[in-house]
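*Asks:* Sequence:
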Amino acid sequence: MKLLRQSHPSGFDRNIIPVPEIIGNNDDDKVYVAVGKSVEKAVSLFHWTFRRFKDKEICILYVHQPSPLIPTLLGKLPATQANPDVVCAYRKEERNEMQKLLLDYVSLCARSKVKACVVTTENDQVRKGIVDLVNEYHVQKLVMGAAPENWMKVKKNSSKSSYAAKNVPPFCQIWFVNKGKLLYTREPSEDFDLPPPSVDQDSRALRSQSLHYPNTEREMPQIYCRSRSSTSFIPGSTSMTGSLQSNTSSESGYSSEHDLRVEEENLCKQLEEVNMEVEASRDEAFQELLKRKRLEAQALQANSK
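For the sequence shown, UniProt numbering begins at 1 and goes up steadily by one.
Keep in mind that the hints were calculated from the coordinates and are not lab data. Some hints could be false.
[Claimed, not checked] In silico DSS-like pairs for lysine-lysine, Cα to Cα no more than 27 Å straight-line:
#1 K179 with K141
#2 K76 with K291
#3 K166 with K141
#4 K115 with K37
#5 K37 with K128
#6 K113 with K181
#7 K41 with K56
#8 K92 with K37
#9 K76 with K54
#10 K113 with K141
#11 K54 with K41
#12 K166 with K181
#13 K56 with K179
#14 K54 with K181
#15 K166 with K41
#16 K128 with K181
#17 K115 with K291
#18 K141 with K54
#19 K181 with K37
#20 K115 with K41
#21 K41 with K128
#22 K37 with K54
Between the sequences and the hints, there should be enough to build the whole structure, so can you do that?
*Replies:* Here it is in structure tokens:
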């Protein structure tokens, strides 16, 4: 299975896994979970969602925020000042890291017998990216993390949770969760009707598919799931879903709070190990790139003498 990447790396793009029916007639039953790079926070959000919304399909909502600084031989430089080749290579590694992380999140859902898909976007500000996705896909159920002090003292207007509470459309109900506990629920407005889709279902499906089929095989990095999960891979397609689904509500739950904590700790440990491997691989790749650039610079300097 080849996991997709953006067709236009430097622009604003989105990846949807799987492509079929991200928005459909029964989309009000789908629960979107906004997660980031923090494995511990993501696992906590997932498990709260699994318990609260049994037998519901989960859609993992992720905003990719490109780093404004690029590692170079001269240290970290703004992307506008760094060598274009170095910037391109770093952006590619960022996307690969994101894809591997999302694949592991989907695997986590499969291990818990929950069907899951992924929707992503790219934005310099994560909070704005979340609001954009809610508007784009008319998200009606959203779960996201929040800090307790945001609700005791409404001062952190710059936080993602505060921004979402104020800017997410009224048709969306939001559950703000911290460390597995519900802090606050923003109820949807009863007087607000869900806006009609800007394009019909067939047009949206075709547009989504057009974003996910690069012209050459070389443009599609191969990402495989390394964990023992039941994530299904369909060769030659863009579908990736957790193949395990709960047959009864009791099967999707846990026998006790102790079992839940043990499972959560194990999953956190596995995902943290994966992230460490990704970081090590990225650092090694950039060391090689910088070494090659140094040799090229030395060769050019020698030829100019």
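*Asks:* If a hint holds in the structure, say so; if it does not, say that too.
*Replies:* Tested hints:
1. K179 with K141: holds, 19 Å
2. K76 with K291: Cα-Cα ~16 Å, so holds.
3. K166 with K141: holds, 16 Å
4. K115 with K37: holds, 21 Å
5. K37 with K128: holds, 17 Å
6. K113 with K181: holds, 22 Å
7. K41 with K56: holds, 20 Å
8. K92 with K37: With Cα atoms ~17 Å apart, K92 and K37 stay inside 27 Å; holds.
9. K76 with K54: violated, 46 Å
10. K113 with K141: Between K113 and K141 the Cα gap is close to 20 Å, so the pair holds against 27 Å.
11. K54 with K41: Distance ~20 Å between K54 and K41 Cα, so the pair holds.
12. K166 with K181: holds, 21 Å
13. K56 with K179: holds, 21 Å
14. K54 with K181: Holds: K54 and K181 sit about 16 Å apart, inside 27 Å.
15. K166 with K41: holds, 22 Å
16. K128 with K181: With a Cα-Cα distance of about 25 Å, the restraint between K128 and K181 holds, given a limit of 27 Å.
17. K115 with K291: It is violated: about 44 Å lies between the C-alpha atoms, which goes past 27 Å.
18. K141 with K54: holds, 14 Å
19. K181 with K37: holds, 20 Å
20. K115 with K41: Within the cut-off at roughly 20 Å; holds.
21. K41 with K128: The hint holds at about 20 Å.
22. K37 with K54: holds, 25 Å
The structure shown violates the earlier hints numbered 9, 17.
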